[in-house]
Amino acid sequence: MLDGISEVISKVVCKFPRCARDDGKVMRKFFTLLSREIRSYFYSPIAYIVLVFFLVVSGVDFYFQISFMNQRPVSYTVQEAFFNSIFFWFAFVLIFPLITMRLFAEEFKLGTIEPLMTAPVRDWQVVLAKFFGALFFYIVLWIPTTLYFAIFQAITHQSAANSTGAYLGAYLMLLLLGMFYLSVGCFASVLTKNQIIAAIISFCAITLLFFLGLISFILLEVSSNTRQLLGYFSAIEQMGALSRGEIDTRPMVLYLSMTAVMLTLTYQAFQSRKWRM
Amino acid sequence: MATHRAADCQKLLRQMIKVENLTKRYAGQTAIQDLNFEVGKGEIMGFLGPNGAGKTTTMRILASFMPPTSGRASVAGFDIFEHSLQARAHLGYMPENNPLYNDMRVTEYLDYRAALKGVPHRRVSERVGDVKELCGLKDVEKKIIAALSKGFRQRVGLADALLHEPDLLILDEPTIGLDPNQIRQVRELIKNLGKQHTILLSTHILPEVEMTCSRVIIIHKGRIEACDTPENLLNQIRTASGVLLEAKTGSDNGAEELKRIPGVKDVSVSRDGEWQVFSLRADAEADVRPEVFHLASDRHWTVRELSQRRATLEDVFVEITHPDEM
Chain A
1 MLDGISEVIS KVVCKFPRCA RDDGKVMRKF FTLLSREIRS YFYSPIAYIV
51 LVFFLVVSGV DFYFQISFMN QRPVSYTVQE AFFNSIFFWF AFVLIFPLIT
101 MRLFAEEFKL GTIEPLMTAP VRDWQVVLAK FFGALFFYIV LWIPTTLYFA
151 IFQAITHQSA ANSTGAYLGA YLMLLLLGMF YLSVGCFASV LTKNQIIAAI
201 ISFCAITLLF FLGLISFILL EVSSNTRQLL GYFSAIEQMG ALSRGEIDTR
251 PMVLYLSMTA VMLTLTYQAF QSRKWRM
Chain B
1 MATHRAADCQ KLLRQMIKVE NLTKRYAGQT AIQDLNFEVG KGEIMGFLGP
51 NGAGKTTTMR ILASFMPPTS GRASVAGFDI FEHSLQARAH LGYMPENNPL
101 YNDMRVTEYL DYRAALKGVP HRRVSERVGD VKELCGLKDV EKKIIAALSK
151 GFRQRVGLAD ALLHEPDLLI LDEPTIGLDP NQIRQVRELI KNLGKQHTIL
201 LSTHILPEVE MTCSRVIIIH KGRIEACDTP ENLLNQIRTA SGVLLEAKTG
251 SDNGAEELKR IPGVKDVSVS RDGEWQVFSL RADAEADVRP EVFHLASDRH
301 WTVRELSQRR ATLEDVFVEI THPDEM
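Those protein sequence lines, which keep their order, are chains A and B. Note that the first sequence covers residues 1 to 277 in our numbering. Note that the second sequence covers residues 1 to 326 in our numbering.
Honestly, the hints are just simulated from the structure, not real lab data. Here the structure is a predicted model, which is why all the values come from computation and not from measurement. Just so it is clear, CB atoms sit at the ideal spot from N, CA and C, and this is done for glycine as well. Among the clues, some could well be false.
[Said to hold, decoys possible] Restraint-style ranges between C-beta atoms, simulated for each label pair:
| no. | chain 1 | residue 1 | chain 2 | residue 2 | range |
| --- | --- | --- | --- | --- | --- |
| 1 | A | Val-261 | B | Tyr-26 | 25 to 35 Å |
| 2 | B | Ala-146 | A | Leu-94 | 20 to 30 Å |
| 3 | A | Gly-111 | B | Glu-231 | 33 to 43 Å |
| 4 | A | Ala-241 | B | Gln-29 | 51 to 61 Å |
| 5 | B | Gly-52 | A | Ile-86 | 47 to 57 Å |
| 6 | A | Arg-250 | B | Gly-52 | 49 to 59 Å |
| 7 | B | Glu-165 | A | Pro-45 | 35 to 45 Å |
| 8 | A | Pro-45 | B | Gln-29 | 33 to 43 Å |
| 9 | A | Met-27 | B | Gly-77 | 24 to 34 Å |
[Said to hold, decoys possible] Cut-off 27 Å, straight-line C-alpha distance, at most; resulting in silico cross-link-like pairs (DSSO-like, lysine-lysine):
| no. | chain 1 | residue 1 | chain 2 | residue 2 |
| --- | --- | --- | --- | --- |
| 10 | A | Lys-274 | B | Lys-18 |
| 11 | B | Lys-150 | A | Lys-109 |
| 12 | B | Lys-132 | B | Lys-195 |
| 13 | A | Lys-109 | B | Lys-142 |
| 14 | A | Lys-25 | B | Lys-132 |
| 15 | A | Lys-193 | B | Lys-150 |
Produce the entire structure from the sequences given, and follow the hints as far as they go.
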C-alpha cells in the first residue's frame, strides 16, 4: 500500500526533470535534486507517520472546535477557530523538526554527501533543493485540511468562513510561516550529522521564535511600543488577522526576508564544511 | 630512472592529473605534505600506502570534496579550485566505502546520478543501460540498494563513476570488503576500463596492483616515498630476487662456498633440524640455480629444496613503509 502510494507520487515527481530540460543544465540539476529530495520523503516511513500524526491532531482539533461552537453562540467562524486553537499551534510547531531533521544530517551521517558533492553540482542547488523538497512535503501535509472545510460545507450547507479571502489569508500565513520555520530547520540540520540533535536545535529555535510574540502577555510592564514591536513577530496575532481575511504585506515581508536570511546562513554553513574538515 | 620518466612523458598526450606541492593539514596534524605527481592519459596509476597515509585525503582533494591547505592540483586540465565544476564533470569518483542512497532502486539511482552529472536527457537511458551491462547489474536493476550485497553495491558505485564517460576515474579502495571471486571480477573490469580511461586506484591488495597498474605511487606518512612502474620498483629493493636452498651439507662452510658462485651477493643460513636453509640474494638478472645445483652435486649435498623466490610488490611496500622492521 505504502509502496503503491510512493510509486504513484514518485512517478509524478519523476516528470520534473523532463519539463525542465530546456531551461538549461542549471535548472535541470536543481530539479533532479529536488525530485530526489521529494521522493526520499515518500520512501521513508517517517513521512507517513508525520502525515498520519498531523491528520489525527488536526482532525481532532477540527471536531473539538465545532462541538465547542455548537454549545453556545460565538463571534468567529469555524475556519478562524480551526487556525487559532492551541491544539493547532502545538501540532504546528512539532512538525518542522520532523520534516527537516534528516535533510543534511542524514547525508553527513551516511556519507552520501561525498558522492553528492563530487558530482558537478553547486552548493546552492543542493541547499535550495533540500529546502523546496521540505516545502513540498509541508504543502502536501496541508492539502487534506482543505477537505475538512469542504466536508463541513457539504454536511451543514453553510460556509466555514465568511469569504474566500479568509481561506487564502490563512493558507498564505501557513505558507509564509512554514517557509521561515523550514529554513530554520534546514539550518539546524546542516550544523550536525546527528538527526536527533538537529531536531532538538530546530525545535528549541522554532518554539522560541514562536513564543517571542507571547512575551507581551507574560511581561506586563512592557511599554506599548515594545508590545507593538513584539506583536509584529507574533505568529498568533498575524494568523488571527489573516484568517479573518485581512491580508497584510508586513508579515509577508518579514517571513520572506527571514527565510532568505536563514537559507543564506544554511548555505554558508554548508560551504564551511569544507574548511572544517 | 629519470630517462625512463622523460620517455614516459613523451608518450602522454595530456596530464590527466597534475599535483603540485599539495598539502593538507587537519587541526594539529598534517595529512599530506608537498605531494607532487602526475598521471598521464591512459595510465592506470596505483596509489598505495598504509592506512592513514593520506590516500583518501589526496583523492578527496582531487575530487573537489575538500580543499587543500596549500598547493595546486588539476584534473583533466581544470584547476580543482578555480574550475571545480568542470573538473568534477570530467571525473568519475568512487569514494571509500561507497556510500549510496539505500532507499532507491538501482536503475532509479543511476538515472538520478546521470541527470545530476549532466548526461544529455536523450542519452540517459542508453548510458544507464550501458553501465549496467558493463558492471553486471542487469539482474539486480529493480532491487532496492539497501537489499544489495556488498559486491553489488560496489558495482553500483563503479557504474555511477562511469555514467558520464569521464576521462578520469578515481577509485578509492574499489575492492574493499569483497570476496576473492568478486575481487577478480572487479579487477577484470578495471583492467578493461583502463583501455579507455585514465585511472587512479587505491587499494591494499598488492597483487591486484601488480596485475593492473602501469605505475605505482607509494605514500607514507603524507609523503610520496616511491613513484615508478612496478617492475622498476621490484628491481630497486634490497630483497630482490633470491634463491632458497635447503640441504644437508655435513659441514659448516656451505655458505662460504655458495658465496663464491658468480652473481651471488649474499648468503644467510638458518637451521631446520638437521637441515640447513640457505637464502641467497642474487643479481636481479642472474639465475644462479644451475650453479647452485652443480655445487651441491659436486659436494654430495642432499638437497630437498631449490627454488627461486621473486620479490613482490608486497616486499616493496613493506620495505618502504616499515624500513626499520626489515
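Quick rundown of the hints versus the structure:
no.	hint	verdict
1	Val-261(A) - Tyr-26(B): 25 to 35 Å	holds (31 Å)
2	Ala-146(B) - Leu-94(A): 20 to 30 Å	holds (28 Å)
3	Gly-111(A) - Glu-231(B): 33 to 43 Å	holds (37 Å)
4	Ala-241(A) - Gln-29(B): 51 to 61 Å	holds (58 Å)
5	Gly-52(B) - Ile-86(A): 47 to 57 Å	holds (56 Å)
6	Arg-250(A) - Gly-52(B): 49 to 59 Å	holds (57 Å)
7	Glu-165(B) - Pro-45(A): 35 to 45 Å	holds (37 Å)
8	Pro-45(A) - Gln-29(B): 33 to 43 Å	holds (41 Å)
9	Met-27(A) - Gly-77(B): 24 to 34 Å	holds (27 Å)
10	Lys-274(A) - Lys-18(B)	holds (21 Å)
11	Lys-150(B) - Lys-109(A)	holds (19 Å)
12	Lys-132(B) - Lys-195(B)	holds (18 Å)
13	Lys-109(A) - Lys-142(B)	holds (26 Å)
14	Lys-25(A) - Lys-132(B)	holds (24 Å)
15	Lys-193(A) - Lys-150(B)	holds (24 Å)
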